[in-house]
Amino acid sequence: MKFPYFRAPDGLDGGASDTALAPAPTTPAMRVPEVTSHGEPVGPTKIAVKNVSVFYGEKQALHEVSLDIPDKTVTAFIGPSGCGKSTFLRCMNRMNDTIQGCKVTGRIEMDGEDVNDRTVDPVLLRAQVGMVFQKPNPFPKTIYENVAYGPKIHGLTTNKSELDDIVHASLKRAGLWDEVADRLHSAGTGLSGGQQQRLVIARAIAVNPEVILMDEPCSALDPIATAKIEELIDELRERYCIVIVTHSMAQAARVSQRTAFFHMGRLIEHGPTEDIFTNPHERRTLDYITGRFG
Amino acid sequence: MTEATSTIAPARADRLKAGLKGRYARERRFKLYGILAVSVAIGFLVLLLGRIIEQGHTAFYAHEVTLPVYMDPARIDASYPQGTNFELLVAEQELVRLGVTDDAEGTKANAMRSLFSSELKYRAADIIRARPHLIGHTVTIPAPTSDEADLYYKGEISIETPADQRRLSDEQIGWLDRMKADGAVRTHFNTALFTKGDSTEPELAGVLGALVGSALMLMVTAIIAIPIGIGAAVYLEEFSAKNRLTDLIEVNINNLAAVPSIVYGLLGVAVFINWAHLPRSSPIVGGLVLALMALPTIIIATRSSLKAVPPSIREAALAMGASRTQTVFQHVLPLAMPGVMTGSIISMAHALGETAPLLLIGMVSFVPGVPHSIAEPTGALPSLVYIWENASERAFHERTAAAILVLLTFMIVMNAAAIVLRRRFERRW
Amino acid sequence: MNQHTVKAYGDELNQLTAEVARMGGLAEAQVADAVESVARRDVALARAVVERDVKLDAMHRDIEKKAIRLIALRQPVASDLRKTLTAMRMAVELERTGDLAKSISKRALQLAETEPMQPLTRSIERMGRLVSARLRDVLDAHAASEIDGATTVWASDDEVDEHYNALFRELLTYMMGDPRTIGACTHLLFMAKNLERIGDHATNIAESIYYEITGDELTGERPRGAPATTPDTPVTDA
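Chains as they are written, first to last, in numbering that gives the first Met the number 0: chain A, 0 to 293; chain B, 0 to 428; chain C, 0 to 237.
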């Protein structure tokens with residue numbers, strides 16, 4: 000079983016990361032023109048996507064997408080409804096496997112290993128790549144049990160006090176600890192929408208993943224909760240590679256350092272967020288972000 | 000232009016208003032139909048229950064006559080009390096008390112004797128056996144009446160009917176009246192109904208045997224049908240690939256749920272009794288047959304409960320790195336539990352009341368006593384109702400209704416348990 | 000006011016304001032140094048002012064870029080939007096101020112090669128100090144976010160005009176008295192004009208600050224001094 004390692008779960012003052020620097024990405028055949036960076040530092044490539052296509056039965060949802068996603072950065076996927084951005088996101092933790100009739104071709108390399116390889120166990124992959132969904136979906140258990148679930152099923156702890164530490168650290172990192180410290184054993188579903196989403200994020204980071212995927216995490220939340228989540232994302236990007244799908248361009252502009260624009264299953268343009276939103280290269284990108292679409 | 004619009008607007012408002020009246024009228028009519036339907040349903044329910052209660056409530060009490068009995072030492076053997084013919088003893092003494100002279104054959108004594116239940120001799124024998132020193136003294140014994148005397152006291156048998164159409168002669172009725180006038184007649188709760196098994200004599204017949212039989216059968220059914228049903232449903236819903244084969248299976252399961260229960264009885268006879276040689280009329284055979292019957296219902300109820308669990312829970316669990324099995328058993332099934340339990344309990348309650356398959360596997364025979372294992376022949380409540388309904392003695396009439404009430408109570412308790420358990424589990428999540 | 004929930008946003012806004020303050024400080028220094036180089040006929044200082052102007056241009060471009068980035072990525076509204084726009088406006092005004100100071104210094108270099116003209120350069124110095132003070136006041140008001148300083152500066156625009164008019168008359172008289180001084184006096188005249196323009200820029204900045212803080216425009220006629228009049232009789236130089 001390939002896809003070897005976990006980072007050891009660290010306490011409050013994070014342990015050193017063991018991630019080896021990925022080899023420099025080779026230029027695949029159909030590389031989309033990249034807008035030059037303006038001095039915004041971009042980390043080493045964490046996920047290298049090469050010619051990925053997705054088919055639902057006969058219908059092709061994604062056409063030969065190639066993209067490099069850097070580490071310790073927030074990358075945003077934007078585009079109109081049905082453009083394939085969520086489908087693409089779900090390729091990265093193989094959640095598309097759960098959909099009948101869905102076929103993924105191409106390579107998605109995470110630190111050099113292709114996640115679509117037959118020898119890769121999706122269960123282990125999903126311990127490295129966490130996911131946050133559009134509608135907050137905490138388990139109908141207590142707050143403590145929600146956050147403790149991941150470490151428990153992956154066997155990351157040996158005793159209860161270690162588990163307590165992990166829960167504490169995760170909730171603190173998610174910015175939720177102060178609000179729930181006194182009611183860890185009450186139902187997770189009793190929190191407000193924004194708190195639930197932060198709980199879900201705490202749950203995802205409790206297993207210390209390398210990558211966090213977020214599928215429109217704020218679309219069900221009010222502006223204040225959204226702002227809190229965006230601040231959280233800003234803090235989290237120092238530790239994790241974050242990929243966020245959003246239908247709000249304003250959010251992509253606020254939150255991300257790199258943006259990729261999708262349309263009709265194709266990657267049209269990607270580059271530093273500032274450049275995409277001040278001076279994009281492609282006409283379609285410009286039309287979309289200025290609202291001239293349709 | 001403005002003129003045209005100002006004439007259009009009122010016309011439109013009129014049309015709206017005219018339509019409105021019709022719409023409200025339709026609503027009122029619909030509400031009326033609803034209330035009517037509910038009333039009819041409740042009416043029938045009240046009718047049915049009322050009829051049964053009216054017929055059956057008399058079965059819950061029985062009459063007994065308190066008699067002073069002189070324990071004649073000449074006729075009682077202290078070492079073997081049960082050898083004494085206490086019935087004759089009591090009858091003769093009672094005749095004397097009432098001042099009736101008997102003829103040579105003792106027909107009047109016989110007539111008197113038939114006013115009391117055969118239970119009487121056991122009671123008397125028990126008393127003597129427990130306290131032998133009472134021989135030679137007069138003991139007051141509460142003598143249970145026979146079924147006909149009991150019916151007379153309950154008003155079922157009336158002196159109005161012509162003598163040859165009733166089981167009690169005028170003379171016997173006269174005696175009964177005198178005993179009553181003496182104040183010797185008492186009513187008491189008919190414990191025999193709940194403490195004894197079936198009997199040919201109505202006053203000694205009880206539902207206990209059938210109750211225990213039904214309970215044992217239900218236990219067997221539950222142990223077989225619930226795990227298999229839930230397991231099959233979980234597999235079909237969560238693990239199996241969705242192809243033509245599983246569609247076919249689903250259609251067949253749905254059809255099985257609609258198969259007449261008597262067909263299951265035939266299956267039970269052919270497979271379990273004739274081929275597997277399991278004991279006829281036993282709880283194990285009954286349980287197996289009912290399990291087969293309950294299985295499709297449980298599978299269907301469990302599947303729909305599983306379907307009702309929102310996919311976001313499954314996605315959340317999978318995204319955390321839970322395997323398929325962990326997702327199902329740690330997340331989906333607990334959430335589906337209320338529906339699953341309700342389905343299971345209701346299918347059990349349904350199985351409890353099934354009669355046709357039981358009749359076929361032999362539960363129509365007379366089984367006295369209370370069963371102790373699942374391999375011995377027993378009765379069941381529904382088949383008991385059937386047997387008693389067909390019995391010739393008049394007193395079984397009320398007892399049938401009583402047995403129906405017991406059966407209904409059993410089912411109500413089970414359904415109530417389903418509701419309570421469902422509420423309790425729903426609250427937790 | 001509360002902090003922004005997204006701290007990076009608040010940080011970016013504060014950074015922008017800080018940049019503007021730095022640029023203002025630099026512009027202020029340029030003006031002061033330019034005037035001093037005239038008064039003391041300090042050639043080195045004048046050259047330094049000319050060279051430093053590049054920095055001001057760079058800061059202007061930088062602030063503009065930052066402001067555009069903020070608008071594109073953060074979509075500021077209300078007070079945040081006004082703050083960003085004001086920063087851009089102030090950068091423009093300060094850059095022009097810097098250019099004017101550079102021009103003064105260039106002329107100072109020229110002037111240093113001619114005869115000193117004490118009373119006139121002292122007038123320039125006085126006007127320069129006044130203008131510097133106004134610039135400082137308005138920048139302080141911006142840093143402290145209080146409108147009183149701004150409105151005071153805005154209302155006292157006529158002071159600068161008076162100084163300018165007086166200098167204008169003085170210079171004309173001088174020139175009419177001794178035509179050999181026309182060259183130098185012309186430089187001084189241009190310097191006076193530049194200083195008056197710097198005063199206007201300070202007033203513009205005051206208006207921007209008022210807008211930033213209140214959201215309203217400073218309405219009403221900007222107070223002006225009487226226009227300069229030429230003297231009727233030539234003043235003879237004794």
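FYI, nobody ran anything at the bench for these hints, they're computed from the structure. Computed from a predicted structure; not experimentally measured. Check the hints yourself; a few may be wrong.
Claimed, not checked - With a straight-line cut-off of 30 Å between C-alpha atoms, the simulated DSS-like cross-links for lysine-lysine are: (1) A:K151 with A:K58; (2) A:K58 with B:K306; (3) A:K134 with A:K151; (4) A:K71 with A:K134; (5) B:K20 with B:K30; (6) A:K71 with A:K58; (7) A:K71 with C:K6; (8) C:K65 with A:K227; (9) B:K306 with A:K102; (10) B:K241 with A:K102; (11) A:K140 with A:K151; (12) A:K151 with B:K306; (13) A:K159 with A:K140; (14) A:K58 with B:K153; (15) C:K54 with A:K71; (16) A:K134 with B:K153; (17) B:K195 with B:K120; (18) A:K140 with B:K306; (19) B:K241 with B:K179; (20) A:K171 with C:K6; (21) B:K30 with A:K134; (22) A:K58 with A:K140; (23) A:K71 with C:K192; (24) B:K241 with B:K195; (25) A:K134 with A:K58; (26) A:K134 with C:K82; (27) A:K227 with C:K54; (28) A:K227 with C:K105; (29) A:K227 with C:K192.
As the list claims (entries may be wrong) - A partial selection of chain B residues facing chain A, derived with a Cβ cut-off under 8 Å: (30) R14; (31) A17; (32) T137; (33) A321; (34) S322; (35) L332.
Every residue gets a Cβ at the ideal spot worked out from N, C-alpha and C, and that includes glycine.
Evaluated hints:
1. A:K151 with A:K58: violated (39 Å)
2. A:K58 with B:K306: Between K58 of chain A and K306 of chain B the Cα gap is close to 27 Å, so the pair holds against 30 Å.
3. A:K134 with A:K151: Given that 30 Å is the threshold and the Cα spacing comes to 24 Å, the pair holds.
4. A:K71 with A:K134: OK: K71 of chain A and K134 of chain A at ~25 Å, within 30 Å.
5. B:K20 with B:K30: holds (15 Å)
6. A:K71 with A:K58: violated (34 Å)
7. A:K71 with C:K6: Distance ~18 Å between K71 of chain A and K6 of chain C Cα, so the pair holds.
8. C:K65 with A:K227: holds (24 Å)
9. B:K306 with A:K102: It holds: about 25 Å lies between the C-alpha atoms, which stays within 30 Å.
10. B:K241 with A:K102: holds (16 Å)
11. A:K140 with A:K151: Holds: K140 of chain A and K151 of chain A sit about 14 Å apart, inside 30 Å.
12. A:K151 with B:K306: holds (27 Å)
13. A:K159 with A:K140: With a Cα-Cα distance of about 18 Å, the restraint between K159 of chain A and K140 of chain A holds, given a limit of 30 Å.
14. A:K58 with B:K153: Violated, at about 81 Å.
15. C:K54 with A:K71: violated (34 Å)
16. A:K134 with B:K153: This hinted pair is violated, its Cα atoms lying about 69 Å apart.
17. B:K195 with B:K120: The hint holds at about 17 Å.
18. A:K140 with B:K306: Distance of about 20 Å is within 30 Å: holds.
19. B:K241 with B:K179: violated (76 Å)
20. A:K171 with C:K6: holds (17 Å)
21. B:K30 with A:K134: Status violated; Cα separation ~39 Å.
22. A:K58 with A:K140: violated (39 Å)
23. A:K71 with C:K192: violated (55 Å)
24. B:K241 with B:K195: violated (54 Å)
25. A:K134 with A:K58: holds (27 Å)
26. A:K134 with C:K82: violated (36 Å)
27. A:K227 with C:K54: Violated - the C-alpha atoms of K54 of chain C and K227 of chain A are around 39 Å apart, more than 30 Å.
28. A:K227 with C:K105: Outside the cut-off at roughly 54 Å; violated.
29. A:K227 with C:K192: violated (53 Å)
30. R14: violated (37 Å)
31. A17: violated (42 Å)
32. T137: Because about 73 Å separates T137 of chain B from the closest Cβ in chain A, which is outside the 8 Å limit, the hint is violated.
33. A321: holds (6 Å)
34. S322: Constraint on S322 of chain B satisfied, holds at 5 Å.
35. L332: violated (12 Å)
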